[in-house]
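K.L.:
Using the sequences and the accompanying hints, generate a full structural model.
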Amino acid sequence: MPIIMDADRMGRTLMRIAHEIIERNRGVDGLAIVGIRTRGVFIARRLAKALQQIASEPVPTGALDITLYRDDLMRHAVGPQPVVRRTEIPFSIDDQKVVLVDDVLYTGRTIRAALDALIDFGRPKEIQLTVLIDRGHRELPIKADYVGKNVPTSLKESVHVRLIETDGTDEISVDNVPEEKS
Amino acid sequence: MKRLFKGGRVVDPANGRDGLFDVLIDGDRIVRVAKDIPPDGAHVVDVPAGFVVVPGLFDMHVHLREPGQEHKETVATGTASAVVGGFTAVACMPNTTPINDNAGVTEYILQKAAQAGLARVYPIGAVSKGSNGDQLADIAELRAAGCVGVSDDGRPVKTALLMRRALEYTAMFNMPVLEHCEDPSLKGEGVAHEGYHASTLGLRGIPGVAESIMAQRDIALAELTGGAVHICHMSAMESLRAVREGKGHGARVTCEVAPHHFTMTDEALASPVSYDTNVKMNPPLRAAADRDEMLKGIADGSVDCIATDHAPHHYDEKKVEFDVAPFGIVGLETCVPICFDRLVHPGLITLSRLIELLSVNPSRILNVASGALSDGAVADITILVPDLQVTVDPARFKSKSRNTPFGGWQLKGGVAATIVGGRTVYMNDAAAGAGRFK
Amino acid sequence: MTTRQVEAPPISALRHKDLLGISDLTADEILLILDTAEAMREIGDRPIKKVPALRGKTVVNLFFEASTRTRTSFEIAEKRLSADTLNIAATASSVVKGETLVDTALNLEAMAPDMIVLRHAASGACHLLSRICRAGIINAGDGMHEHPTQALLDAFTIREHKKSIAGLKVAIIGDLLHSRVLRSNVQLLTKLGADVWVSGPPTLMPAGIERQGVRKTTSVDEAVEGADVVMLLRLQIERMQGMFFPSLREYFTVFGMTRERLKLAKHDVIIMHPGPMNRGVEIDSEVADGPYSVILEQVSNGVSVRMAVLYLLAGGAEHETAV
Ligand SMILES: [Zn+2]
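Taken in sequence, the protein lines are chains Z, W and S. The first sequence begins at -14 in the working numbering and counts up by one. The second sequence begins at 302 in the working numbering and counts up by one. The third sequence begins at 52 in the working numbering and counts up by one.
Take the hints with a grain of salt, since some may be wrong.
Subject to a maximum C-alpha distance of 30 Å in a straight line, what follows is the list of computed BS3-like cross-link-like pairs (lysine-lysine) [what the hints assert, rightly or not]: (1) Z:82 to S:213; (2) S:100 to Z:128; (3) S:100 to Z:110.
Keep in mind the hints are simulated off the structure, nothing from the lab. Because the structure is a prediction, the values reported are computed rather than measured.
P.N.:
Here it is in structure tokens:
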């Protein structure tokens, strides 16, 4: 299982992205960070910390659960429903520049759901997208504004993101999926 | 035409017989029951080993629904069901539409029974006009038309006073009053036995005492009047206690228990199917302690009869909310297998005692000349197969209705043939081989 | 589709087609519903109080008993999840023309609803429907049997104030006999490990209630003493028939919840009532409107809990998937 990003690299990548965000937005004024559950939330928090370090100003940070917006939710006649977690956006996103954060960008469907969900919270001035890994294979016309690392993958591979907060370690690997489940 | 049933075990408690005997019948009569009767030109029927020849079974509590509710059952389908169940006779309750409270209805039922030509039908007349509990029905007229007892079944005789009068009046015909024991105020809108299961399911309860309190009233009045009271479909241990006490005092009281009340309990309300309307009957399935007490009464002799309370209802009528469904289940075609499986095979009672419960005693209580294989008696005979494996399949019932909680039950014991007036009206080819008892 | 990098949720689901009663749920399933309801609650605080989760699903609210409160709560929940809803009230339907519940349900089935929310006066009506309908059945109150979503929202409300339900002393007081809220709450609270006491007139005590793992007493004071939660049940005056207790006045004197009585409870006790209340009968107005009353929270929590139930049941029973 080849490691494509270790803890050290991850820290530097996030710091680099933080700089890019500040550069593009000319500071953190009117900026808000929203992470997509589960791992996007922790990445968003780290990013917010980095932004605060650089700009010496706190950036409002929220968490978004996109389960209820998934386009595959009711596609199957029957089957257990995915677990819904709490969405926490304790600030108004009206006229804010919202930086959406997720761990891996793949088909783009998660981001599509997240965009729909965000719009239900108000009318942001702008939405930008940050991902740690872009592994390609888009099924929707979606592109990230800030990418930690582009990793060309085959459909047989899967990208595993592990974070201290959820998995006890910071590390991203690409693994071969043993067999396709239906 | 003479037929000689050869080599079977004959169980005939009224004549003190239980052993291998031959039974010779001529036309509609029994000529002789003895060992090694020579054929002498009679058609010989070999009774296979393991089969038992008994006096015709008599279910003294059934609802044939005719006239008025022919979508549930008719005299023809009800008696067809009876003979499949091994019954050569049934007593049918008067809660038809109209109520059997006059000779016209009685004669109608008897005429239908004669047309069907299957089991004998003994109508029970109403105690009161319209079973309303206000005025005595014309009981002498009912008696003359063929009724063998009176009852306001479906409900109790309304007042103690009317019950007293009924007991006094029927005593002159030596006819019993058959009582559906239930205190209407204690029953209220109850639909199930009052207890844990009804309570958990949110069903209104009927306590056992709703039954026994009325049984106590009636037994006291039987003592007072010298009349004979018969407690129908007894379910509660308190009622059995009252019956035992009454018998101890010499009151003319007898009682019957239905197969569902000595096999099932109120647990059936919850499982395997909750709110199954096929376990809704009145009186309701009671607690395990009641069920066990019924078994005890059957074993120790304090219970006189087993009667099915055969209560057919149309499929649609039962496919409703539990509260709305009518009370009652069909019972004629499952009675014998249940009795064998739950009473005889476990050793609770002997086969001879079972025949008392299902034939001798009902005949005696209703003063009907049956229940014995005596020389010269009418040839009403049932042939049983104690070891027959039976799986209850409601789809194959001869009854018009299928409302039974016993569907799928696997039981040991069945019926091989039913002979009414010397004529074989039912043959179970699967048990006996085609045509054997013709 | 396994290689999606959306966090694969732990498979923890309601494996039922219907919600007929709390009696069918395990403690874990109850907790899943409550956790999901937490997540659902936030949707009510958004500018646009709607998510597309049940888009294209049809939910029929079939109410044979009038209940604006429960029906409205379900309807809001359905709409927040973007389901198409259809309200059928008994008086407006063909029921009055003698059509049976089964007929009504079969006619509805022809419209292929995904779920039917049923309120009916007969205990077990939902069981009957679940046997004949393809649609999932949600019990919104069946006779004296159960009212599972009420018990779930009660538990949700208790959890908000007391964190965990295990170990709490909960006193349930009132007309126990006729109460479906009682039956659902007893099931739920005992499954989650609460110490449940029930109290009321002995004439309104269901037979065998103690076999359900609760303690019964006719002394309200004993039930309330040291209680963390006091839940009052509506006295269903319409069902009383004048035989269960002498008068409303006497009922209030012996069983009514007054401020004085409440002093026996823990200092941070909460007061609940499924509504609608009979003020001055089972509950003193002072108590109903007092600081420990969470009665209005119960109402608003109802929507979140019903959203959770609708969402989780929409997945259907797992045993129906191809094996
Ligand atoms: Zn009866």
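K.L.:
Take the hints in turn and mark each one as holding or not.
P.N.:
Each hint tested on the structure:
Restraint check: the Cα-Cα separation between residue 82 of chain Z and residue 213 of chain S comes to about 39 Å, which exceeds 30 Å; the hinted pair is violated. Taken as a hint, the residue 100 of chain S and residue 128 of chain Z pair is honoured in the structure, with Cα atoms around 28 Å apart against an allowance of 30 Å. At most 30 Å may separate the alpha-carbon atoms for a hinted pair to count; residue 100 of chain S and residue 110 of chain Z meet this at roughly 21 Å.
The structure is inconsistent with hint 1 alone, although it conforms to all the rest.
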